[in-house]
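*Asks:* Sequence:
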Amino acid sequence: MGPTCTTFCGNCANEVKTMDDEVLRNSLGNDMEKLPETSGEYKEEVKNKKAKSKVGRNRGDDTKIEKREEVEVQDGAKYTGEWKGQKRHGKGTQVWKDGSRYEGQWENDKANGKGILHHADGDVYSGEWKNDKAHGEGTYSHSNGSKYVGEWKDDKQDGHGVETWPDNAKYDGQYKKGKKHGKGLLIFADGSQYNGEFDDNQINGYGVYEWIDGKRYEGNWEDNKMSGQGKLIWKDKKCYEGSFERDKRNGFGKFVWGDGRIYEGQWRDGKQHGEGKFISRDGKTTKGVWENGKREKKLDDK
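Numbering (UniProt numbering), first residue to last: 1 to 302.
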């Protein structure tokens, strides 16, 4: 959606015909609603299909690894593979009653090493395990086409990873405890992108957002919204540099048109509000007091 317009009044009316009033409204908000979140299904499903089971039979030599026939271990789950005494140890396959299946390495009766867990719903985790948890390098593929490839810790994405979605959205960056955290590049389905800092799965900190229509914002963010100091540049060379609050111009800022006109002063809720000055193309400066985007009072030069 393009920017909406308003007009200045008073003696500046002939000098300034239009002003981008709510340039931020609807420009970023719709994209933020589409912000792909790290799917909670990754950590929950890996947890819910842990391979551990208690085995109180099939005693054997606990000093060597031996292969045995299929054994029912717990709640109808069946294990076929190598044992060390009463514990699964070595290579083996366990199948649950719902059809889920783990194939891979075991140690001390738990999934340890490399293995593949096939979920009953078609999701698959393939990678490294530690004590029945996804830990190390691994890939989680959802049946709907979304995928995470990267580092894991205690069943959660942790470290560097790449997450992709069926609509071609993509995140490449850091994770912490299953959430986007740290620096990363997020590309949206429409081609717009954000490159910067994340915190608790939200855009927080410093970063650069580029729209497909040529707009570019570089500056500070809070909870997916432009907040703090930043600079917003349009394709036609218009530019606002100053203070933002929840996607709107608030505080002191400077707006420059492509043809050289300038407004510099106070803003509130995306509109000129408070003391400011307007500089025309020929360099003439007019100082005044603005309210809700309109100049209500002219101030004499001091």
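Hints listed in this document are in silico derivations from the structure and should not be mistaken for laboratory results. Watch out, some of these pointers could steer you wrong.
[What the hints assert, rightly or not] Here are the simulated DSS-like cross-link-like pairs (lysine-lysine), alpha carbons at most 25 Å apart as the crow flies:
| # | residue 1 | residue 2 |
| --- | --- | --- |
| 1 | Lys176 | Lys153 |
| 2 | Lys84 | Lys147 |
| 3 | Lys97 | Lys64 |
| 4 | Lys238 | Lys177 |
| 5 | Lys176 | Lys215 |
| 6 | Lys177 | Lys147 |
| 7 | Lys284 | Lys294 |
| 8 | Lys271 | Lys235 |
*Asks:* Determine for every hint whether it applies to the structure shown.
*Replies:* Hints, one by one, checked against the model:
1. The suggested pairing of Lys176 with Lys153 holds, with an alpha-carbon distance near 9 Å, which does not exceed 25 Å.
2. Of the pairs offered as hints, the one joining Lys84 and Lys147 is violated, with about 35 Å between alpha carbons and a cut-off of 25 Å exceeded.
3. Of the supplied pair hints, the one linking Lys97 and Lys64 is violated, its CA atoms being roughly 30 Å apart against a limit of 25 Å.
4. About 41 Å separates the Cα atoms of Lys238 and Lys177, which puts this hinted pair outside 25 Å; it is violated.
5. Of the supplied pair hints, the one linking Lys176 and Lys215 is violated, its CA atoms being roughly 30 Å apart against a limit of 25 Å.
6. With a C-alpha separation of about 17 Å, the suggested pairing of Lys177 with Lys147 holds against the 25 Å cut-off.
7. A C-alpha spacing of about 19 Å is found between Lys284 and Lys294, which places the hinted pair at or below 25 Å, so the restraint holds.
8. Simply put, Lys271 and Lys235 have alpha-carbon atoms about 21 Å apart, close enough for the 25 Å limit, and the pair holds.
Checked against the numbered hints listed earlier, the structure breaks hints 2, 3, 4 and 5; every other hint is satisfied.
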